[in-house]
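So you can see what is in the structure, the chains are spelled out below.
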Amino acid sequence: MLSKLDKKIISLISQDIPLVKEPFKNLSLELGMEQRDVLARIKSYKKNGFMRKFSASLNHKKIGFRHNAMVVWNIPDKLVKKAGNLMASFAQVSHCYQRKKAPDWNYNLYSMIHGKTKQECFSVIRDISKKTSCKDYRVLFSSYEYKKSAAKY
Amino acid sequence: MKKGMERRCGVSRRLKNKLSSLDKRILNRLQEDIPFVERTWQAIAGQLKIEEDILLMRIAFFKKKGIIRRISAVFAPRKINFASTLIAVKTSSNNINKVARKINFYPEVTHNYRRAAQFNIWFALVAKNKKRITQIITELKKDKDIKQILEFPAVRIFKINVKFPA
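For the record, the sequence lines run as chains A and B. If you want the numbering used here, it's the position in the first sequence, counting the first as 1, plus 139. Take the second sequence: its letter number 75 is residue 69 in the numbering used here, and every next letter is one higher.
Treat the hints as calculated values from the structure; they're not laboratory data. Quick caveat: nothing in here was measured; it's all calculated off a predicted structure. For glycine and all other residues, C-beta sits at the position ideal for the given N, C-alpha and C.
From the derived model, a few chain A residues whose C-beta atoms are all more than 10 Å from chain B:
no. : residue
1   : Leu168
2   : Glu169
3   : Gly171
4   : Gln258
5   : Glu259
6   : Ser268
7   : Lys269
8   : Thr271
9   : Cys273
10  : Lys274
11  : Asp275
12  : Tyr276
Covered stretches of chain B, as calculated for chain A (at least 3 residues, CB under 8 Å):
no. : segment
13  : 28 to 42
14  : 58 to 64
15  : 91 to 105
16  : 146 to 155
Produce the entire structure from the sequences given, and follow the hints as far as they go.
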């Protein structure tokens, strides 16, 4: 479905774009394409949902969000959709995924919660627990970031 | 503020206090899509009612300080025929940094965190296909420093919205 050219464009724009007045001009020169064609492709990726966004990634710690808790929940299958949508409605929840369970790991819903304090995280967790009536969950705070980078395509 | 307290709050608190209201407006705007036009920064500067050069200077400053990691396109891996997953590893606290370094060695690893739990390393992978993910897991399973490894592929995405109000 993706042409070789699409792959080249995707690979290039997945990394930091140059901080110059016309960044897409630099990219188009690198790709050997017209700038307007590069822009048209980028718009099409956004339109068809290949591309989620084209924006700045911030280091959340540096703007005050110092705590990130991955909370894993054991939610009955038939309630997963409702619970997932509820979790997603919290501003402090950046990611919410349903994932496969594993042996010794009876959790199927994952929510990533960011807070300026641990208390802020816990207050969201208590709220979610109450609203979903889910008492079977674990809170895994991150204690060190080993890597955070853009996917390489 | 007591001295000890200040140390604990670290750089982030002090940096945050230094952000002007303009800085915050810029950071909030840049977390949304940049316009797909030739003069993208000029367009954003216009929206913020500032000069393009000022915007470029502030972005350069944010990058230098590590507040902005990058400005780039984020794709949905599966929609462009890539595979992605989440993996948990159990290792001893003595070996944890060594194991994390070995995991980071794979260019497919996008996120990697130490977490306070029995499974103490959690990392995400984006790879060209499922076979490659299986291959990486198989290699890691052979590592004697890794006691257990579990894979949790996503079944459904309810939310991905990594935006932080500055």
